[in-house]
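2 protein chains.
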Amino acid sequence: MPNPISYAQNNRERHLAELIEFLRIPSVSTQPEHQADVQRAAEWLVESLTAIGLENTHLIPTAGHPLVYADWLHAPGAPTVLIYGHYDVQPAEPFDLWHSPPFAPTIRDDYLYARGASDDKGQVYAHVKAVEALLKSDGRLPLNVKFIIEGEEEMGGPSLSAFIPQQKELLAADVALVSDTAMVSPAQPSIVYGLRGMCYVMLDIYGPQRDLHSGTFGGGVDNPLNVLGHVIARLKDENGRVLIPGFYDRVRPLTDEERHLLAQYPFDEANWLAETGAPQPWGEPEFSLVERLGARPTLDVHGIIGGYTGPGGKTVLPAHVHAKFSMRLVPDQEPAEIQSLLEKYLADILPPTVTYELHWRGGAPASISDLHHPAMAAARKACQETYGRDPIFMREGGSIPVVGEFQTYLGLETVLLGFGLVSDQIHAPNERFYLPNYFHGIEASIRFFQSYGERD
Amino acid sequence: MPNPISYAQNNRERHLAELIEFLRIPSVSTQPEHQADVQRAAEWLVESLTAIGLENTHLIPTAGHPLVYADWLHAPGAPTVLIYGHYDVQPAEPFDLWHSPPFAPTIRDDYLYARGASDDKGQVYAHVKAVEALLKSDGRLPLNVKFIIEGEEEMGGPSLSAFIPQQKELLAADVALVSDTAMVSPAQPSIVYGLRGMCYVMLDIYGPQRDLHSGTFGGGVDNPLNVLGHVIARLKDENGRVLIPGFYDRVRPLTDEERHLLAQYPFDEANWLAETGAPQPWGEPEFSLVERLGARPTLDVHGIIGGYTGPGGKTVLPAHVHAKFSMRLVPDQEPAEIQSLLEKYLADILPPTVTYELHWRGGAPASISDLHHPAMAAARKACQETYGRDPIFMREGGSIPVVGEFQTYLGLETVLLGFGLVSDQIHAPNERFYLPNYFHGIEASIRFFQSYGERD
Numbered sequence: 039m040p041n042p043i044s045y046a047q048n049n050r051e052r053h054l055a056e057l058i059e060f061l062r063i064p065s066v067s068t069q070p071e072h073q074a075d076v077q078r079a080a081e082w083l084v085e086s087l088t089a090i091g092l093e094n095t096h097l098i099p100t101a102g103h104p105l106v107y108a109d110w111l112h113a114p115g116a117p118t119v120l121i122y123g124h125y126d127v128q129p130a131e132p133f134d135l136w137h138s139p140p141f142a143p144t145i146r147d148d149y150l151y152a153r154g155a156s157d158d159k160g161q162v163y164a165h166v167k168a169v170e171a172l173l174k175s176d177g178r179l180p181l182n183v184k185f186i187i188e189g190e191e192e193m194g195g196p197s198l199s200a201f202i203p204q205q206k207e208l209l210a211a212d213v214a215l216v217s218d219t220a221m222v223s224p225a226q227p228s229i230v231y232g233l234r235g236m237c238y239v240m241l242d243i244y245g246p247q248r249d250l251h252s253g254t255f256g257g258g259v260d261n262p263l264n265v266l267g268h269v270i271a272r273l274k275d276e277n278g279r280v281l282i283p284g285f286y287d288r289v290r291p292l293t294d295e296e297r298h299l300l301a302q303y304p305f306d307e308a309n310w311l312a313e314t315g316a317p318q319p320w321g322e323p324e325f326s327l328v329e330r331l332g333a334r335p336t337l338d339v340h341g342i343i344g345g346y347t348g349p350g351g352k353t354v355l356p357a358h359v360h361a362k363f364s365m366r367l368v369p370d371q372e373p374a375e376i377q378s379l380l381e382k383y384l385a386d387i388l389p390p391t392v393t394y395e396l397h398w399r400g401g402a403p404a405s406i407s408d409l410h411h412p413a414m415a416a417a418r419k420a421c422q423e424t425y426g427r428d429p430i431f432m433r434e435g436g437s438i439p440v441v442g443e444f445q446t447y448l449g450l451e452t453v454l455l456g457f458g459l460v461s462d463q464i465h466a467p468n469e470r471f472y473l474p475n476y477f478h479g480i481e482a483s484i485r486f487f488q489s490y491g492e493r494d
Numbered sequence: 039m040p041n042p043i044s045y046a047q048n049n050r051e052r053h054l055a056e057l058i059e060f061l062r063i064p065s066v067s068t069q070p071e072h073q074a075d076v077q078r079a080a081e082w083l084v085e086s087l088t089a090i091g092l093e094n095t096h097l098i099p100t101a102g103h104p105l106v107y108a109d110w111l112h113a114p115g116a117p118t119v120l121i122y123g124h125y126d127v128q129p130a131e132p133f134d135l136w137h138s139p140p141f142a143p144t145i146r147d148d149y150l151y152a153r154g155a156s157d158d159k160g161q162v163y164a165h166v167k168a169v170e171a172l173l174k175s176d177g178r179l180p181l182n183v184k185f186i187i188e189g190e191e192e193m194g195g196p197s198l199s200a201f202i203p204q205q206k207e208l209l210a211a212d213v214a215l216v217s218d219t220a221m222v223s224p225a226q227p228s229i230v231y232g233l234r235g236m237c238y239v240m241l242d243i244y245g246p247q248r249d250l251h252s253g254t255f256g257g258g259v260d261n262p263l264n265v266l267g268h269v270i271a272r273l274k275d276e277n278g279r280v281l282i283p284g285f286y287d288r289v290r291p292l293t294d295e296e297r298h299l300l301a302q303y304p305f306d307e308a309n310w311l312a313e314t315g316a317p318q319p320w321g322e323p324e325f326s327l328v329e330r331l332g333a334r335p336t337l338d339v340h341g342i343i344g345g346y347t348g349p350g351g352k353t354v355l356p357a358h359v360h361a362k363f364s365m366r367l368v369p370d371q372e373p374a375e376i377q378s379l380l381e382k383y384l385a386d387i388l389p390p391t392v393t394y395e396l397h398w399r400g401g402a403p404a405s406i407s408d409l410h411h412p413a414m415a416a417a418r419k420a421c422q423e424t425y426g427r428d429p430i431f432m433r434e435g436g437s438i439p440v441v442g443e444f445q446t447y448l449g450l451e452t453v454l455l456g457f458g459l460v461s462d463q464i465h466a467p468n469e470r471f472y473l474p475n476y477f478h479g480i481e482a483s484i485r486f487f488q489s490y491g492e493r494d
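Quick note, the sequences are listed as chains A and B, same order.
For the first sequence, this note's numbering assigns the number 39 to the initial residue and increments by one for each residue that follows.
For the second sequence, this note's numbering assigns the number 39 to the initial residue and increments by one for each residue that follows.
Some hints could be false.
Stated by the list, open to error - Pulled from the structure, derived: some chain A residues nowhere near chain B, Cβ distances all over 12 Å:
#: 1; residue: Y45
#: 2; residue: G284
#: 3; residue: D338
#: 4; residue: K362
#: 5; residue: Q463
#: 6; residue: E492
Said to hold, decoys possible - One-sided excerpt, in silico: chain B residues whose CB lies under 7 Å from chain A:
#: 7; residue: P246
#: 8; residue: R248
#: 9; residue: S252
#: 10; residue: N309
#: 11; residue: A312
#: 12; residue: G315
#: 13; residue: A316
#: 14; residue: W320
#: 15; residue: L327
#: 16; residue: Y346
#: 17; residue: L355
#: 18; residue: I387
#: 19; residue: T391
#: 20; residue: S461
#: 21; residue: I464
Treat the hints as calculated values from the structure; they're not laboratory data.
Beta carbons are placed, not taken as given, at the ideal position from N, Cα and C, and that holds for glycine.
Full structure from sequences and hints, please.
Structure, rendered in structure tokens:
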């Protein structure tokens, strides 16, 4: 009887070639000019899932980018795993900082460089190849699987958020499996049990109807760029405390037990700081860096553009400014409530000398998973067998919108089995995926299915 | 004997055609791609000055854009007027807001639309055409004139600033005449007796070495865009008071007499507000709007760009941000001192979690002219004869760097005889020049030369 692990090892070259093909498609979900590419990535995935023997494989149209669904449900009595991932990617700008083009995947020193390599095409595709290895070797799976792969994760996942509450039966399962997180190191398997949520906001502030001469009008007309400075300063103080009234009201305090657990996390601060290139760490002084990064809410401005931004000087009092920012949330902050707190606060602090518009770009609740779920034990065993050591359990600062929604609407716990690395430069130029993690990921996924399927 | 005023009136069509030709040259001094255009504008001016009979007409090379010089010095015993203007213009961006292309001058409803129409090509060229009218009609001028026309006004005038102290003899005169300001209305001649100075600054703030994922790193790494917000908020409060320690130390208090004079200024607040399109006026509550606009120092942010500024969202913790801002100064603030106060303050308020670079883009002292200078009386008479009413005397919020330098190095008072209108949209899209002001400006200039030349 053929061995799925051997099968995976014997097919590494092809599995890599297929991932490279997937990565060539610039499926940037937030940029309208890439709409056709996003569609193409979804179709590519449908073909790939069908080819390995999955069933009911199809595109689910939405108001935005389509969902990709597939299943294999021929293991009566065995549990069902809902495998989630996303085929869309972040914008690749600024292009000039990439050492090789973002959509021409390039291997250098065991890393595969491409936008989406780690977030999330490489990680979700590892599960696809694990299922292939099992089906081609054993002719069957040890449990039931359902794939639901979305194309809007990088834009806050609105269509899947709307879909989940409507399609509880289609998505019904015993546990969700998600690989969209990072390992501590290539040798140290890691399971994330907590994720931050988020609220993403775009703010436009309008002052005069047109750019004015700052000499002729300066001092008598309020300046939207100066106003924005005051708004930003009043959103978060210089020590990292968010100043929106009520923002912390629902933050679940860290228990002593959890602070102890997080203190065990093998965090190499010097290495981490070198990775960021920042002059020094920063943040709420009463929390450790590991706590600040995973277990505390925060607020970051992502982009500002306003006034004259060309070379040299121009003495304008600008008509308007555009800013993007988001808040990362922790349990039990509610995105809708945070949104209304922010709306009220901005109405209070923005002066009548300007007007403004606020645009919401999606929100997602934070989540915490039950460490005692049987699938957690299976994931631990898969890690032990693949990497030769116990995984560590950690909280992660990023947001995976659906995890909280799986919990809320489907009653599912999620196993977050990460194959990425913190140094993968996701959302930044030169995103990469460590190739041994791709191949080990396929093996860990095979073993997870085997172990969880045989649990009874 | 031919009359210079009639000559001017008979040649209006040609005088307009020549101005249009001048305006077609996109002499944007701050944009390197327009360097050849700036040079071309200077050469065009030399030809034009030579053609009307001025002497010693030549380009003076500088480290930047050339100066244009010309003179006529054959009126012994009569005073000498140093006529200053600039042939460079502001950048024309954003192009899409122009109703006709900025360098394709277009006449609509008695307005000539073009970048530089009012600031300053149209105004300085009115003096050139006045000199032409006098020389062609009378064969001579009633006094001596020297033209010094620079190509760096919109970038802070560094070359002329360096030139003035070195060339006191070449530039020696009895008074300076500058038309680079606005009239209250087309019917109300206006003489500016006070100008604000300025310091222009570019600030780059650097955080992490590359854009980071705001989920993975947010809360543990300081964000240059958030830091910039705090910096802006700490530069000027929400009531318009600049917060740099020592900033107001040398501000000459407004005398009761001057507050009374400024209160006489026929300021139509509703009209002015409609002109700005701002929701309401703004600024230091203890000063009137006219005082805030002309007689109080201020600080405005002109442009910010940083992080992700494309469509849609991107959750980055950005590596750096660029901001441009300037301070408008009033007598007796010293640009160099303000610069060092700002440098010290920024060093104090910028946290060690970021690094920054500060670039100075020129500074200019504020100025106030003596209302009792004989040239002021000549200017008043020229206004009365041209417009049929007394000019009003006002302070203007803009900066004309050389006026303070003429005072300091050449001992010259300056007559600021404005032909522009506040509604000319200088430094903004759809800059325009009211054509009757061009033709009346030529006549007022002729009469000023006649009156000042005959003063003894």
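Inset, instruction - May I ask which of the numbered hints given earlier this structure violates, with the numbers listed in increasing order? - result: Numbers 3, 4, 5, 10, 11, 18, 20 - these are the hints that the structure violates, sorted from lowest upward.
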